[in-house]
Amino acid sequence: MKSCPTCHRTFEDTLTYCLVDGAVLSAPFDQAKSGPDSSATAVLPKGEPEPTLKAFSPEPPPISTIPAAINQAAGPPGEPPKSSPPPPPEPGQQSDTRIMSFFRELLFPLLAVLAAFIACGVVVFLIGDSPFQTYKLLIGSAFSWPDGIGYTLFNATPLIFTGLAVAVAFRCGLLNIGAEGQLYVAAFVTGWVGIKLGGVFIKTPAGDIVSSPIANLPAIVLIPVCCVAAIVAGAIWGGIPGLLKAKFGSHEVINTIMLNFVGVALVGYFTQYHFKVPGDAIMQTAEIGRQANIPTLGRFIPGLPERIPLNFAFILAILACVLVYIFLWKTKWGYEIRATGANPSAAEYGGISIRKQIILAMSISGGLAGMVAINEVLGYRHRYYDGFSANYGFVGIAVALLGRNHPAGVFLAAILFAVLLRGGIFVDAYTVHVSKDIVDMLQGIVILFVAAGGSMVVKRFRAVKKA
Amino acid sequence: MIELRNITKRFGDVLANAGVSIKVPAGTIHAIVGENGAGKSTAMRIAYGFYTADSGEILINGQVVEIRTPHDAIAHSIGMVHQHFMLLEPMTVAENIVLGAEPGSAAALDLKTASDEIRKLSNEFKLSVDPGATVETLSVGQQQRVELLKALYRRAQLLILDEPTAVLTPQEVEEFFVILRRMRDQGKTIVIITHKLSEVLTISDNVTVMRDGRVVGEVKTSDTNAADLARMMVGREVLLRVEKPDAQAGEPVLSVRNLTIRGREGTARVDGVSFEVRAGEIVGLAGVEGNGQTEMIEGLAGLIPGSHISGSISFLGRDIIKMDARRRKELGIAHVPEDRHRRGLLLDFSLAENTILGVHYRKPAVMGPGLVLLDEKGIKGRTDQVIRDFDVRPPNSTLPARALSGGNQQKLIIGREFELPPKLLLVSQPTRGVDIGAIEFIHRKLVALRDQGCAVLLVSAELEEVTALSDRLLVIHNGSIVGEVDPKATTNEDIGLMMTGGHK
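Chains as they are written, first to last, in the working numbering: chain A, 1 to 467; chain B, 1 to 504.
Bear in mind the hints are in silico, worked out from the structure with no lab data behind them. A hint or two may mislead.
Said to hold, decoys possible - Result set (DSSO-like, lysine-lysine): computed pairs, CA atoms no more than 30 Å apart in a straight line: (1) A:330 - B:126; (2) A:332 - B:377; (3) B:23 - A:332; (4) B:196 - B:126; (5) B:23 - B:244; (6) A:332 - B:322; (7) B:380 - A:356; (8) A:247 - B:322; (9) A:356 - B:423.
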């Protein structure tokens, strides 16, 4: 017999709900009866309702309709549920599944990377070099101390920012192809602020002043102002396509691509005609005020020479990863963005303004892309330099893709791509046949495997769903 | 005629069919019943070659045959009509019917021969459709005939029909059954997949009951009854009736005056409708799908842009027509949407994240300064309560909503909306695609909510559901309310006639 927890009436085992108030009946007193019955397959003769009843397990076991991958704790598929109703989860169980799912998330991109390395290894072998030697060069050189690691992390910094930028937009269901334009605009604006508020005079070789500063702020004010300028400029450049999509429904992919051209050309114009040191043959602005320079990490880490440009922007990048994680998963704003990305109809139903989320996500995305300027302008070149970006905005798409749009994944993927960037130089120099194009090949194949594998997973998932 | 022998099919880790054996004698109507996910559609899709079985064999007229694609199935004279019609709406009936089996030479399409043959077929089986008509101008019932003709045109001897009556009005169902009997009498074999027991009892000769991917019983229809079948499907005793005391209706909660809602093309989907829902009563809205019910509910929930709505909606004396969905929810208007996958759930989000959808910005979902941070403890508390109160299985708040069966997803949504707590509940298709056990549970919860004094506006395509649950029943046709009836004093036939605009 089963009993109702609210009204304390007792009912037959075949019932699941109390017939009086609909509460779930508590476990049967007679445990032996509650086990699932495998004899349910038998075709039942008609006219004998009693055995019919007994042949069925009293509990409709829904377990078989749940992908066992999700239901890990329930044991191997096919094994019947131990008892009914299911026992309360043990304390360790939840964190276990969380760790498991983390590894599952990690496993797939790792496989893609591994497969890409194997595929490229074959090509290297066919060209006539040793794949092992090549990979030893590629990876070994990127992790040597201090130069390898220093440059790898320096190269990773902009990729972390752009990877995060793409990931945030993607979580809202938007594809930000415009990180490149956003970071160019941000870099120029940062340079402009660093010049105008950093007390820099731009003079002709003859000594005539062609541009004079507005103020000469101290470092403690100027650095934060420059950082904010980078973020705001990026946010505005990213927010424009967001606004266009929210207001007119024009597609963000087209608009961000177009704004890349507009942005790069615009800042190129300002550099060429207004902020270049006259007579300078290179397309770059004057140097920003010295006090706007942010220190390299070499000044603080023993053994890391100061000449390596790895700077505080890297710390900022790690901080950005943490903040983006908190924002997306721990705040109501992040919830709204993710809900909009996961299912806009449902988000709308939940009282979330989709338009607002689109503008917000694109602005944040642009702001993150803009933070590349902190690394490049404040930390490295100390000026806006035309063409400084090694396609950071576009590689950021790959970084986000490989990193599964998660800050931790983005961080790891950015490091990987930085390793390739750094190691490629050495492969180029020290192998007989292989050129640094191998890096592009590796990147391409990784993305190919991630994308192809992704659709494979989706197909599998659909098949499971159809069942 | 056709026999499935020991069919097993696995999708990933899900065992959809476990040793399924079904034998359908020639010249009979054979019903396959079972709850959602019982594997009945999978078995029939294997028979039609959409899927291939992992093991087991298919026999036609006693001979083992290989069916790997629908092409093979058609070659073996098997035809299938899907729940969702596979018709090209802008094309004519004839064009649709010959699609994939076009007569004439490679270059020229000989539609005239085809039309003649279609006419001959429709005369033979009394399936009157004009071959030259465009499909989109046809009613749902006529479209179904086109689907049947399509199968017959391909010389099908065995017809598999997947939930054929889901979209039909009661009258259309009657006509449809007449057609099926006639086809059987002319020697066709028909397999009908359904979960409506009354129809099984009316139309079929034999019934196979499936549950959890297995065949749990095969009986002659004349030897069984609804209660027995339901028990076999669910595996326990099921209450088929809704037991409810009379409504104690109070003050009007929702009062709609002259409400007009226009679709994107500017046509009025809801046309000058006025009605009232009072506290403590369930008002049903019966109608054939697509007659404005969706727009009505979404309009009341605040999900249709204000520029498309005119008239007045007053909730507890306040005009809410200008308020957005969030504001309306704050006032106590809960909404169980008709499409739980499109509207109701974030399928890849956890149960906990789904439970706070719509209330995610206020306590207990948030905490800290400015109520910005999500309060995981508070969210889990609320989720566990919904899971407990609404018997959501498996009871694990970290699972993605996708992992739940339809019935459990629906219970989660209903539980979330009940937690609001609502003063007015807008509920659309509360038991669509939900198994019998959960239907029983949801119905009881709705009645309990009514008895606590909540006003309920119910839309359902299941006529039996609206008549059983409603205290008053409004019939909607073509965007207008064509009448109000007492569900206890009116027959389904009369309501069905009103639904199609027949009479009042």
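Does residue 244 of chain B sit within 30 Å of residue 23 of chain B, going by the straight-line distance between their CA atoms?
violated, 41 Å
Fill in: Pair hint residue 332 of chain A and residue 377 of chain B, alpha-carbon separation not exceeding 30 Å
holds, 14 Å
* Does the alpha-carbon distance linking residue 247 of chain A and residue 322 of chain B stay inside the 30 Å limit? -> This hinted pair holds, its Cα atoms lying about 20 Å apart.
*Is residue 356 of chain A close enough to residue 423 of chain B, meaning Cα to Cα at most 30 Å?*
holds, 29 Å
Given the proposed pairing of residue 380 of chain B with residue 356 of chain A, does the C-alpha separation stay at or below 30 Å?
holds, 28 Å
- Given hint residue 126 of chain B paired with residue 330 of chain A - CA-CA distance at most 30 Å: violated, 63 Å
Q: Sort out whether residue 332 of chain A lies within 30 Å of residue 23 of chain B, counting only the CA atoms.
A: violated, 56 Å
TODO: For the pair supplied as a hint, residue 332 of chain A and residue 322 of chain B, confirm whether the alpha-carbon distance does not exceed 30 Å.
DONE: Holds, because 25 Å separates the two Cα atoms, which is no more than 30 Å.
Hinted pair, alpha-carbon criterion (30 Å max): residue 196 of chain B, residue 126 of chain B. Please report holds or violated. holds, 25 Å
The structure shown violates the earlier hints numbered 1, 3 and 5.
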